[in-house]
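Q: Each chain is listed here by its residues.
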Amino acid sequence: MRRLWINIVKGFLNLLLVFLITTAVIYFLARLFPGDTITVLYGEVNSLQDGRRILEAKLGLDKPLYIQLISFWQKILVGDWGISIFAGKPVFDLVFQRYVNSLMLSFTATLTTTAVCILLAYLSFTRRCQRLTTLVASISTSIPAALWGVILMVALVLAKVSIPFGSIIMPLITLTIAGVGVFYTILKSLIDEALSEPFMAFYRAMGLTKSRLFLKALRYALPMYITAVLYRMGLIIAGAVATETIFNYPGMGKLLIDAFASRDYPVLLGWAVIISLTLAALNITGDVMQDILDPRVRELM
Amino acid sequence: MKNLALGASILIILAELLLALLADLIAPYSYEAIDLGNRLSPPSPRHPLGTDPLGRDVFSRLIYAMRITFIIAIPSVLIATLMGAAVGALAAAAKGFTDFVLSRIFDVMYAIPSFFIAIAVLLAMGSSVTGIIIAISISLAPMFFRLGKSIARETLTKPYVEAAKAIGASPIWIAFNYVGRQLLATLTPTAVYMLSTAIALEATFGIIGLSVSPPTPSLGNMISEYKEYIFVAPWLAVAPITVIAVTITTLNTLANELSKRVAVFEK
Chain A
1 MRRLWINIVK
11 GFLNLLLVFL
21 ITTAVIYFLA
31 RLFPGDTITV
41 LYGEVNSLQD
51 GRRILEAKLG
61 LDKPLYIQLI
71 SFWQKILVGD
81 WGISIFAGKP
91 VFDLVFQRYV
101 NSLMLSFTAT
111 LTTTAVCILL
121 AYLSFTRRCQ
131 RLTTLVASIS
141 TSIPAALWGV
151 ILMVALVLAK
161 VSIPFGSIIM
171 PLITLTIAGV
181 GVFYTILKSL
191 IDEALSEPFM
201 AFYRAMGLTK
211 SRLFLKALRY
221 ALPMYITAVL
231 YRMGLIIAGA
241 VATETIFNYP
251 GMGKLLIDAF
261 ASRDYPVLLG
271 WAVIISLTLA
281 ALNITGDVMQ
291 DILDPRVREL
301 M
Chain B
1001 MKNLALGASI
1011 LIILAELLLA
1021 LLADLIAPYS
1031 YEAIDLGNRL
1041 SPPSPRHPLG
1051 TDPLGRDVFS
1061 RLIYAMRITF
1071 IIAIPSVLIA
1081 TLMGAAVGAL
1091 AAAAKGFTDF
1101 VLSRIFDVMY
1111 AIPSFFIAIA
1121 VLLAMGSSVT
1131 GIIIAISISL
1141 APMFFRLGKS
1151 IARETLTKPY
1161 VEAAKAIGAS
1171 PIWIAFNYVG
1181 RQLLATLTPT
1191 AVYMLSTAIA
1201 LEATFGIIGL
1211 SVSPPTPSLG
1221 NMISEYKEYI
1231 FVAPWLAVAP
1241 ITVIAVTITT
1251 LNTLANELSK
1261 RVAVFEK
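Each protein sequence line maps, in turn, to chains A and B. The first sequence begins at 1 in my numbering and counts up one residue at a time. The second sequence begins at 1001 in my numbering and counts up one residue at a time.
Where hints are given, some of them may not hold.
[Claimed, not checked] Straight-line Cα separation of at most 25 Å, BS3-like style, residue types lysine-lysine; simulated pairs:
1) A:Lys160 - A:Lys188
2) A:Lys10 - B:Lys1260
3) B:Lys1095 - B:Lys1158
4) A:Lys188 - A:Lys216
5) B:Lys1158 - A:Lys188
6) B:Lys1165 - B:Lys1260
[As the list claims (entries may be wrong)] Far from chain B by the CB rule (all over 12 Å, computed), these chain A residues:
7) Phe86
8) Lys89
9) Tyr99
10) Leu103
11) Leu132
12) Gly149
13) Phe202
14) Tyr203
15) Met224
16) Ile226
17) Leu256
18) Ile257
19) Ile275
20) Gln290
Bear in mind the hints are in silico, worked out from the structure with no lab data behind them. Only a predicted model underlies this, so the values are computations on that prediction, with no experimental measurement involved. Backbone N, C-alpha and C fix where the C-beta goes; we use that ideal spot for every residue, glycine too.
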């Protein structure tokens, strides 16, 4: 139990550190870009230097960078995430909506991918068709997710099915196909590890059926698998940029591209805050879950 | 059978490299020769892979695209490997404060999704070949840093290094003769594997419109250009996708075979 708390506290400190550094890095990175907010927003207002200065003061862009950064951190903590320079809406609402969409996508994609992987692992265990399942996995990894999206589009066009742009279905299928390879490799190696353990030999000797044996091995593999998968889930939330763009799905990835294109700093920072917190939180959850699901880890302390 | 996989993958990669190298001699047309009277024609003897929306020969563009993709992928992996491994080995050798600082820097690079940094760099530097190379190497470097550090640290504890120290070998000798060679052996398969990751990254940048700007063809921007036409000419997108899939599969097989051979050495 003590270890659990130590883990949680450690996790929160880590979360805070990552949050501070990530936002700072992005804050400075964003300013290195050619084309500043004022120009993007109001066009060239160089002729009206005064007007420019008033706008800068209004948006708080006239103070030194580090002061802007500190006041930004303060505001985030009290829940004031600022207003999107471009859309004129509160950043929190804007980012949150996209976040929920992305969360849904990554969660369902992880579930479907895991289901497919368990099925594949089951088949390779009971039916001895390891060659086939390995082939499926290697085909899945040999093409990046975004390309699977394009391939799906071509396939749908050839099959004369209309493509549902903007809905979750296409990105979900794309991410599932692209994810199976990696997830299956993780699950398979964990199950193989389980199979070489003495307790499996014991179950075999008890005369359990193949499917019961598989369940036992799966039970052994799951804690590590979940830890590995949780982090990847975070990466999907942040990194399904191309998949979301292809199918026009309003998630975090597309938001990132749009915010960068319009130099919308408040939105960019809101994005960075949510993503860094999510990644760190998933990391902690992974550790804690492992503690809960795997009694041996607890006993180590 | 094992040698077959190794031989075949080396052959395919060499063939692709040769095609890319000799693009000027092999490509039947220039990659920017526009022929508006001959747009979107399906594959034919004159145009083996058909022509694109501007009447350019897809086969020629594909060969030049392979060249650009290699020009991007190979330096990015080399830079990432050298940077990551050298700094990682330095961190392992220096220990203490230097190690702490270097590790934290790479931790942050690890914590921020590499895609974000890559996109930031691309938007800041513009989508030139240099910009893309930098973006990809930044995405790959943290991985090499961790690997380089752990390999160097392990090597430094080996008895033969102790022995070398005992007979008065200089740190530079140890760095090159032992740590350097170990790094070379272990990182080569990883670098080959990362080459396929670099190609995948370029393709992904291409699809969101951040790869090399047209008319220069790259595998990524060809896909993004041609996916707009899948309703009229679905075969257009198939060509670059096939090349990418074949290249990535081959590189992964090669990396696999290489790492098996390195593993044999270490036993």
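Q: Let me make sure I understand: some of the numbered hints might not hold for this structure. Which ones are they, in numerical order?
A: 1, 2, 5, 6, 12, 17, 18 and 19
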